[in-house]
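Peer 1: In the order they appear, the protein sequences are chains C and V. Using numbering that gives the first Met the number 0, the letters of the first sequence correspond one by one to residues 0 to 432. Using numbering that gives the first Met the number 0, the letters of the second sequence correspond one by one to residues 0 to 465.
Do not take every clue at face value.
Derived DEER-like restraints, expressed as beta-carbon distance ranges [as the list claims (entries may be wrong)]:
no.	chain 1	residue 1	chain 2	residue 2	range
1	V	Lys102	C	Glu155	52 to 60 Å
2	C	Gln333	V	Ala463	41 to 49 Å
3	V	Ser444	C	Asn191	53 to 61 Å
4	V	Asp335	C	Glu155	38 to 46 Å
5	C	Glu387	V	His344	36 to 44 Å
6	V	Val65	C	Gln333	32 to 40 Å
7	V	His344	C	Asn191	53 to 61 Å
8	C	Glu387	V	Ile366	33 to 41 Å
In short, the hints are calculated from the structure, not lab data. All C-beta atoms in this analysis are idealised placements derived from N, C-alpha and C, irrespective of residue type, glycine included.
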Amino acid sequence: MHNVAYHRIERIAGSVITLRAEGVANQELAQVTSSFGTSLARVIRIDGDMVDLQVFAGARGISTDSEVRFLGEPMKVPYSEALLGRVFNGAGKPRDNGPEVDGERITIGGPSVNPAKRIIPKTMVRTGIPMIDVFNTLVVSQKLPIFSIAGEPYNELLARIALQAEVDVIILGGMGLKHDDYLYLKDFLEKNGALSRTVMFMHTASDPIVECLLVPDASLAVAEKFATEGKNVLVLLTDMTNFADAMKEIAITMEQIPSNRGYPGDLYSQLASRYEKAVDFEGSGSITILAVTTMPGDDVTHPVPDNTGYITEGQFYLRKGRIEPFGSLSRLKQQVNGKTRSDHRTIMNTMIQLYASYKETLEKQSMGFNMSNWDQKLLKYGQRFESEMMDLSVNIPLEKALDLGWEILADCFAPEETGIPTKMINEYWPKKG
Amino acid sequence: MKALPRDKKWAFTPVAKVGDVVVAGDTLGTVPEGVFTHRIMVPFRLLGKWTVESVAAAGEHVVEDVVAKLKNDKGETQDVTMVQTWPVKMPIKAFEERLRPSKPLTMQQRIIDTFFPVMQGGTFCTPGPFGAGKTVLQQLMSRYADVDIVILAACGERAGEVVETLREFPELIDPRTGKSLMERTLIICNTSSMPVAAREASVYTGVTLAEYYRQMGLNVLLLADSTSRWAQALREMSGRLEEIPGEEAFPAYLESVIAAFYERGGVVRLKDGSTGSVTICGSVSPAGGNFEEPVTQATLKVVGAFLGLSRERSDQRRFPAIHPLDSWSKYEGIIDSKKVAEARHILANGVDVNNMMKVVGEEGTSIDDFVIYLKSEYLDAVYLQQDAYNEIDAACSAERQKYVFDKVYTILKTPMKFSEKDVARTFFLKLTQSTKDWNRVKFDSQEFKDLEQSIFASVKEVSANA
Ligand SMILES: Nc1ncnc2c1ncn2[C@@H]1O[C@H](COP(=O)(O)OP(=O)(O)O)[C@@H](O)[C@H]1O
Numbered sequence: 000m001h002n003v004a005y006h007r008i009e010r011i012a013g014s015v016i017t018l019r020a021e022g023v024a025n026q027e028l029a030q031v032t033s034s035f036g037t038s039l040a041r042v043i044r045i046d047g048d049m050v051d052l053q054v055f056a057g058a059r060g061i062s063t064d065s066e067v068r069f070l071g072e073p074m075k076v077p078y079s080e081a082l083l084g085r086v087f088n089g090a091g092k093p094r095d096n097g098p099e100v101d102g103e104r105i106t107i108g109g110p111s112v113n114p115a116k117r118i119i120p121k122t123m124v125r126t127g128i129p130m131i132d133v134f135n136t137l138v139v140s141q142k143l144p145i146f147s148i149a150g151e152p153y154n155e156l157l158a159r160i161a162l163q164a165e166v167d168v169i170i171l172g173g174m175g176l177k178h179d180d181y182l183y184l185k186d187f188l189e190k191n192g193a194l195s196r197t198v199m200f201m202h203t204a205s206d207p208i209v210e211c212l213l214v215p216d217a218s219l220a221v222a223e224k225f226a227t228e229g230k231n232v233l234v235l236l237t238d239m240t241n242f243a244d245a246m247k248e249i250a251i252t253m254e255q256i257p258s259n260r261g262y263p264g265d266l267y268s269q270l271a272s273r274y275e276k277a278v279d280f281e282g283s284g285s286i287t288i289l290a291v292t293t294m295p296g297d298d299v300t301h302p303v304p305d306n307t308g309y310i311t312e313g314q315f316y317l318r319k320g321r322i323e324p325f326g327s328l329s330r331l332k333q334q335v336n337g338k339t340r341s342d343h344r345t346i347m348n349t350m351i352q353l354y355a356s357y358k359e360t361l362e363k364q365s366m367g368f369n370m371s372n373w374d375q376k377l378l379k380y381g382q383r384f385e386s387e388m389m390d391l392s393v394n395i396p397l398e399k400a401l402d403l404g405w406e407i408l409a410d411c412f413a414p415e416e417t418g419i420p421t422k423m424i425n426e427y428w429p430k431k432g
Numbered sequence: 000m001k002a003l004p005r006d007k008k009w010a011f012t013p014v015a016k017v018g019d020v021v022v023a024g025d026t027l028g029t030v031p032e033g034v035f036t037h038r039i040m041v042p043f044r045l046l047g048k049w050t051v052e053s054v055a056a057a058g059e060h061v062v063e064d065v066v067a068k069l070k071n072d073k074g075e076t077q078d079v080t081m082v083q084t085w086p087v088k089m090p091i092k093a094f095e096e097r098l099r100p101s102k103p104l105t106m107q108q109r110i111i112d113t114f115f116p117v118m119q120g121g122t123f124c125t126p127g128p129f130g131a132g133k134t135v136l137q138q139l140m141s142r143y144a145d146v147d148i149v150i151l152a153a154c155g156e157r158a159g160e161v162v163e164t165l166r167e168f169p170e171l172i173d174p175r176t177g178k179s180l181m182e183r184t185l186i187i188c189n190t191s192s193m194p195v196a197a198r199e200a201s202v203y204t205g206v207t208l209a210e211y212y213r214q215m216g217l218n219v220l221l222l223a224d225s226t227s228r229w230a231q232a233l234r235e236m237s238g239r240l241e242e243i244p245g246e247e248a249f250p251a252y253l254e255s256v257i258a259a260f261y262e263r264g265g266v267v268r269l270k271d272g273s274t275g276s277v278t279i280c281g282s283v284s285p286a287g288g289n290f291e292e293p294v295t296q297a298t299l300k301v302v303g304a305f306l307g308l309s310r311e312r313s314d315q316r317r318f319p320a321i322h323p324l325d326s327w328s329k330y331e332g333i334i335d336s337k338k339v340a341e342a343r344h345i346l347a348n349g350v351d352v353n354n355m356m357k358v359v360g361e362e363g364t365s366i367d368d369f370v371i372y373l374k375s376e377y378l379d380a381v382y383l384q385q386d387a388y389n390e391i392d393a394a395c396s397a398e399r400q401k402y403v404f405d406k407v408y409t410i411l412k413t414p415m416k417f418s419e420k421d422v423a424r425t426f427f428l429k430l431t432q433s434t435k436d437w438n439r440v441k442f443d444s445q446e447f448k449d450l451e452q453s454i455f456a457s458v459k460e461v462s463a464n465a
C-alpha cells in the first residue's frame, strides 16, 4: 500500500533488498531511509508478497529495520527543451551543478512502438566519415553497435559523430565511464559548440551500479519524447558491455540461474528491448542509436557482442583506430545508397573487393615473395585507401569521397582490372589528361 | 495489422453434396482468396467417417457462418464454419500418404539451384554468422521461390527488418502471377522485444499454417528466421521452469524438438489425389558463426541441404556468401550433376593452388596451375556470385541457368595457352568483366547475344586448340 512505511526487511544482498509488501507494481519506485540517508529504489521482482527492490545508492547502511516507503509510480525523468546542454545522472538528477529541470515527468522503460506504426527507414545520416557515409551508410532510425576492444578510441569516434552528424538532438548516455572519459566527452562537445544540442545522462565507474542500468532507459525515454515532437535524435551510448555487466551483477545477487558466462538468460531480450526503441515515426521525428560495445578479449563471440549482433542492424568494428571495412556492416545501407548517386554502390563494392585483394598481397609480401605487376598496383592502392579513406580524421562529404574513390582507382588500375560494369566506367572513370 | 475481418463476405462454392461420406481434410467447398483457391475442409481434428447433412448453397458468407453440417454413425453432429483451429504443436495428418520429394524448387539463385539444389517438400538450413547475408537470402527466396505460398515466421528478429517486409511486399509484383507478392506471403512476426512464449510459438504457428495450405494441394515454403532465436526462447522458458539443462544450457530435449519440427515438412498425396508440399528452410544464427554448437548440429542431422554462409566470403563481398565447398545438398537439381561435380572440382583445385601459392609464392607456381586458379576465380565471380541489387542479375531463371552454365562450363573446359602469368591474369580480369556485364542484360536480348559472341571470340584467341 502506498504511503505505508515498512520497517521489516527480510534480506539484504548486494544492492537488492527483499521485503513483504502488498499492492506493489513491478518497476514501482520506493524510498529507502537508512542511517546513511535516503535513496530511491526500484521494484525488480515480485513473487507473491515478496518484493525485491534495487536500491540506487547501494544497500550500504541499510539495516533490517530501515524504512521503505512505496511511491506508487514508476521511474520518471523530467522532460523539457531545457534539458539541452545539461548533464544528468542515471536517475535524472543534475550532475552539472545546474538547477533541477521542471517539466513533464515521463516514465522510462516503456514498451517500444509496434512495427506496423514504423516507417521504412530511407534517409541517410551524414557524418562526413567516408568509412560510414560511403561504405556503411548510417540510416535514420538505425541501431548500430560499435564493437571495439578496450584501448580503441571509441569515445573519440562517438564525439566526432556527435559533432558532425546532421541531426537535431544528441543524447549521450555514459555507462561505467572513467571519469576522465566523461570529462573528455563533455569538454569536447562544449569546446566545439555542440553541447547546446546535447543532453547527457552520465554514469561513471564510481557511481552506484544500479544507476548504470537506468542510463539507457532514461536516454531513450527522453529521445522518444524529442522524436515525437518532430526532432531527429541520435542516441550515443557508451559502453553497453558495462550495462550488461551491471545486469549480471544484479542477477547474481538475486540468485538467478545464469545462462552463459554468468549473464542472465534474458540478456538477449534485455538488450533488444533497448535497441528496439530506434524508430522513424511516420510524419514525425526519429531515433537513431549508436552504442559502443567493448568486446572483452577482442572476442565477438562473447555473449554481449554476440547477442547484440543479432539484434542490431549491422555493426561497426573499430580496430587499430580505424573502422574496419571487413565485418563492419550497415544493413540498412541499401535503403539509401541506391538514391544518393548512381556510382555509390559501385564504389562501395569495388573498393572493398580490391582492398581484400590488397590484404592478400600484403600477406604474400610478408612471406618475402616477388611482387608481380598486379601486386604492385594493389600495394599502391591499399596504401592510398588506408590513408585517404579509412583514416578517422578524414572529414569530407559523401560526394567528394566518391570522387576521391574514382581518382584513387584511376591512379592505380586500368578500368577493366576493377570489375566495374562497363556502363559505369563510361560514365565515371576519370579521363586522363 | 488487423486480424482477418470477421464481417467480410467471402464467395463460397459448395463441392460436397448432401449424403457424401467425408473424413478430416476432405473439401466441403471453396472460396477464392487472392491468387489461389482456399478449400473449406472437414476439421482436421474429427475422427472417423462423417456424412454431410447439409451444405450451404453458393453465395456470400462471413467466416463464422456455418457452411455445412456433418453427422457420424454415433449420431454426433458437427457444424463447420470457415474457421479451423488447431493446436500448433501437433502436425496435421489428414492426407493419404507422404511421398519422396521429386521436383526441384528453384529460387533463381545460381549457387543454390545449380550447386546446392532444394526440392519441393525438402528441408534445408542456412546457418551463418550475423552479417553474412541470411536476411537478404530469405528475402530473395521469398521473392523468387517457385511455390504458391511463402510463410515467413520471423522469430525474435529486428523490428526494422519486419517493417521492411511488411511495407515493401505489397508493392512488389510476383513474377509468377503478376499480382502483389503480398498475396502469396504470410508473415508471422515476433520481434526481439516480444514475450519469449510468443517467440517459442511462432515457428509452430508457421508450420501449422504451412500444413493447412498443403491440405489444399498447394506448394508452401516456410522460412523460419531464426531457429536460434527460437531455441533461445526454449532455453529461457526451460530455465524458468528450472529444468535440468543440457549442452550450453539448452534443454536436453532440444535435438528431438528440432528434428520433430523439420519432420513436418514433406510432399503429401491428399485424399483427392492431388499433391501438396511444405518445404522448410530454417535460418540458424550460431554464436560467432561457429557451427559446432547444439542448434546447428541438431539441424544438420535432419535437413536435406546445408547452405552454410561464411564470414570469409561476405568480407570479400562475394554474395550470396554460401560457402561453395563446405555446403552440401542431397537433392537432385536442374543441371547434370556430373557437370556440376566437375565444376566443384575446379573450385576445389583453385583453392588448393591458392593455398599452395601462399607457401611457394606466385613465382613457384606453374602457369598451368595458375590458370586453374584463375578459372576457379572466374567461375566464382561470374556464376556463384550474384548481385541481389541488380534488377536483372538478382533473378536467374532455370532456363537461363542451364544456358549460362553450359557456356561457362565450355570456357572452363577450354585448354588455354598464355606466355606469362600477368597476361593470363589480365585476360581473366577482362573476361570476368564482360561475363558480369552479360549477367546484367536481359536473357536472349540482342545485347545478350552480342556480349556472348565477344566473350567467345576472346576465349578463342587464347584457346590452345586454335
Ligand atoms: N545476395 C547479396 N547480394 C548483395 N549484397 C548482399 C547479398 N546478401 C547480403 N548482402 C549484403 O550483406 C549485408 C548483410 O546481409 P544480411 O542478410 O542482413 O545478414 P544476416 O546474415 O545478418 O541476416 C546486407 O546488408 C547486404 O549489404
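Peer 1: Each hint needs a verdict: does it hold in this structure or not?
Peer 2: Tested hints:
1. Lys102/V <-> Glu155/C: 52 to 60 Å: holds (58 Å)
2. Gln333/C <-> Ala463/V: 41 to 49 Å: holds (43 Å)
3. Ser444/V <-> Asn191/C: 53 to 61 Å: holds (55 Å)
4. Asp335/V <-> Glu155/C: 38 to 46 Å: violated (58 Å)
5. Glu387/C <-> His344/V: 36 to 44 Å: holds (42 Å)
6. Val65/V <-> Gln333/C: 32 to 40 Å: This hint is violated: roughly 50 Å between Cβ atoms.
7. His344/V <-> Asn191/C: 53 to 61 Å: holds (60 Å)
8. Glu387/C <-> Ile366/V: 33 to 41 Å: holds (36 Å)
When each numbered hint is compared with the structure, violations occur for hints 4 and 6.
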